[in-house]
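Line by line, the protein sequences are chains A and B. If you count the first sequence from 1, position 26 lands on 26 in the numbering used here, and the numbers rise without skipping. If you count the second sequence from 1, position 267 lands on 267 in the numbering used here, and the numbers rise without skipping.
Keep in mind the hints are simulated off the structure, nothing from the lab. All of these numbers come straight from a predicted model, not from anything done at the bench. C-beta: ideal position from N, C-alpha, C; glycine also. Do not take every clue at face value.
Below are the BS3-like pairs computed for lysine-lysine, each with C-alpha atoms no more than 30 Å apart in a straight line [stated by the list, open to error]:
#: 1; chain 1: A; residue 1: K84; chain 2: A; residue 2: K71
#: 2; chain 1: B; residue 1: K159; chain 2: A; residue 2: K84
#: 3; chain 1: B; residue 1: K159; chain 2: A; residue 2: K68
#: 4; chain 1: B; residue 1: K74; chain 2: A; residue 2: K36
#: 5; chain 1: B; residue 1: K74; chain 2: A; residue 2: K24
#: 6; chain 1: B; residue 1: K159; chain 2: A; residue 2: K82
#: 7; chain 1: A; residue 1: K36; chain 2: B; residue 2: K159
#: 8; chain 1: A; residue 1: K36; chain 2: B; residue 2: K87
#: 9; chain 1: A; residue 1: K91; chain 2: B; residue 2: K349
#: 10; chain 1: B; residue 1: K159; chain 2: B; residue 2: K223
#: 11; chain 1: A; residue 1: K71; chain 2: B; residue 2: K74
#: 12; chain 1: A; residue 1: K82; chain 2: B; residue 2: K74
#: 13; chain 1: A; residue 1: K68; chain 2: A; residue 2: K85
#: 14; chain 1: A; residue 1: K54; chain 2: A; residue 2: K68
#: 15; chain 1: A; residue 1: K68; chain 2: B; residue 2: K74
Output of the computed footprint for chain B on chain A, the stretches with three or more beta carbons under 8 Å from beta carbons of chain B [claimed, not checked]:
#: 16; stretch: 6-17
#: 17; stretch: 37-45
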Amino acid sequence: CVGAFILQCKRLDFHYCDWAGSSKGMNIFLRTALTKFAAANPQIEMVVSPRPNKHPVIIGHYINGREKRYKAELLRDASGEKLKKVTKPVKSINESVRGVWSPYHGGGIVIRV
Amino acid sequence: MKRLRLERWSGQLLSARTRPCCLRQWKQVEAFGNRRLQSSQAASKNNFEDLEADLTPNPNHPSPYPAAALRSAKLAALHARLSLPQKLPLQTLARTLVDPSADPSPDFNNASLALVGGPIMSYYVAEWLTCHYPRLPMTVLFAATYAYNGPPTLTRIGKEWGVETAAYPGSEVDPGLLQFNKVTPGSPLPSLGASTRPDNRDWFRRGISSRNVYDDEFGDQIKFPENASVSNPQPTETAYSNFVKAVVGSIYLHAGRNAAKAFVQDHILSRHLDISSLFRFQHPVRELARLCQREEFEYPVARILSETGRHSRHPVFVVGIFSGNEKLGEGAAPNLLEARLRASVVALKSWYMYSPGNSTRVPSETEEVGTKPWEPVHIDLGEIIH
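Could you build the full structure based on these sequences and the hints that come with them?
Next comes the structure, spelled out in structure tokens:
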């Protein structure tokens with residue numbers, strides 16, 4: 001059976017600055033959209049604190065202990081793992097259904113001259 | 001048989017809590033209405049915002065005020081992350097995070113909640129394992145229960161829930177942190193005294209059967225520490241396992257038995273465990289021969305199924321163990337003896353890890369309303385002793 005779902009993002013730190021111009025978007029977000037975002041994601045602890053004379057940043061803290069800096073929605077949906085290119089379609093702990101090929105079972109290698 | 005009414009006995013756990021020294025907190029308690037949070041209808045809304053309450057930390061109190069739980073973002077996030085039922089108030093969740101080593105008062109720590117939740121959790125794990133794998137040897141069963149709800153696993157589960165530890169317990173600590181008295185680095189772990197077994201002599205062999213009677217649910221001896229004090233420093237594992245047990249206990253007390261069972265299934269029993277890696281055989285060839293003798297199968301014979309050749313550079317021999325015309329197991333190895341050994345191990349594992357299937361019923365299903373009459377599950381003769 002599949003276990004309980006636990007959102008991997010456990011905390012988002014929002015840092016803003018009242019003086020710097022680059023923080024304008026962040027200030028607008030904190031004033032208007034943050035309450036709705038926080039209500040929609042009650043599992044995430046939101047911390048808002050000023051960081052004077054620095055660019056605004058959102059830091060996400062994840063359950064595996066790592067931290068990331070990115071956009072809010074992407075942070076919420078991510079896990080703490082590093083970004084990786086996914087090449088295989090399925091990742092599973094179960095063994096293969098049809099078994100891995102072995103030279104000692106089945107017909108073996110037949111060399112016809 | 002009379003049903004145990006655990007909800008009634010545990011009413012004192014959830015009654016209004018006070019410290020006799022603090023009058024201000026008694027007033028807070030009266031603001032809550034001095035209600036017993038025992039029935040499942042209570043505490044449905046968490047909005048008793050006591051704005052006049054003075055929440056300045058009191059250095060005489062070892063743990064935060066219960067009312068501070070309503071202000072903690074970490075605690076609210078934890079409650080939502082675990083999708084805990086609304087009947088479970090934040091104040092009780094805050095109490096589950098306070099270890100007895102942080103706060104010795106039994107009204108404010110999680111000892112009693114862990115005492116309720118620990119046996120509930122280990123019961124559901126044990127019944128699941130016993131019904132789904134009826135033939136497991138006793139040592140493997142102990143190891144599997146330890147893997148599902150032993151202290152290291154519960155520590156992992158607590159950390160996966162996003163619970164962090166406070167550096168040192170106190171009343172100013174965020175209620176969403178796990179508070180316990182940490183063992184200072186470099187100091188020895190709490191020493192355990194003598195065991196409580198009555199057969200505790202040098203010449204007595206501590207056999208497996210006696211562990212069912214005298215030892216804990218993992219087959220380990222129960223030892224009481226020499227300088228037993230509640231506020232002794234505890235290892236992190238003990239603190240986290242007390243916390244997880246206390247969460248199960250608080251769900252049971254506030255939301256009922258079905259919610260607690262669902263919680264244990266979602267968080268503990270859904271974890272993947274490779275039981276075949278828990279086995280270790282001393283003489284598998286002999287054990288398989290005794291098994292076939294007991295079950296009245298034909299004597300097991302090893303036959304070569306295929307080989308790369310005796311003089312090949314890296315020979316591989318595939319050997320099968322046959323009882324009559326039926327193949328019990330097969331193993332591949334660079335030499336014949338090891339191949340026969342591996343084949344015996346595979347055959348024994350396939351016997352011991354027999355499972356009636358995922359839809360096997362467990363005895364606690366009969367407690368629900370409207371279930372089919374109970375049909376006995378497979379009870380095995382036991383492991384092979386040779």
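Next item on the list: Given the hint that A:K68 pairs with A:K85, test it: the Cα-Cα distance must not exceed 30 Å.
Entry: 18 Å, holds
Note to self: Does A:K68 sit within 30 Å of B:K159, going by the straight-line distance between their CA atoms?
What the structure shows: Holds. B:K159 to A:K68 sits at ~18 Å (cutoff 30 Å).
Checklist line | Three-residue Cβ test at 8 Å for the coverage of the stretch 37-45 of chain A by chain B | finding: holds (count 4)
Notebook entry, point to check: Are the Cα atoms of B:K74 and A:K24 separated by 30 Å or less?
Noted result: Roughly 28 Å between the alpha carbons, so the hint for B:K74 and A:K24 holds.
Item checked: 30 Å Cα cutoff - pair A:K91, B:K349 -> 27 Å, holds
Note to self: Given the hinted pair A:K54 and A:K68, is their Cα-Cα distance within 30 Å?
What the structure shows: 17 Å, holds
Check: Given the proposed pairing of A:K82 with B:K74, does the C-alpha separation stay at or below 30 Å?
Finding: 25 Å, holds
Notebook entry, point to check: Going straight from one Cα to the other, do A:K36 and B:K87 come out at no more than 30 Å?
Noted result: Roughly 24 Å between the alpha carbons, so the hint for A:K36 and B:K87 holds.
Next item on the list: Take a quick look at whether B:K159 and A:K82 sit within 30 Å of each other, Cα to Cα.
Entry: 19 Å, holds
Checklist line | Pair hint B:K159 and A:K84, alpha-carbon separation not exceeding 30 Å | finding: 24 Å, holds
Check: Given the hint that B:K74 pairs with A:K36, does the C-alpha gap stay at or below 30 Å?
Finding: Roughly 18 Å between the alpha carbons, so the hint for B:K74 and A:K36 holds.
Margin query: Can you confirm whether the C-alpha distance between A:K71 and B:K74 stays at or below 30 Å?
Written below: Distance of about 21 Å is within 30 Å: holds.
Hint compliance for this structure: no hint is broken.
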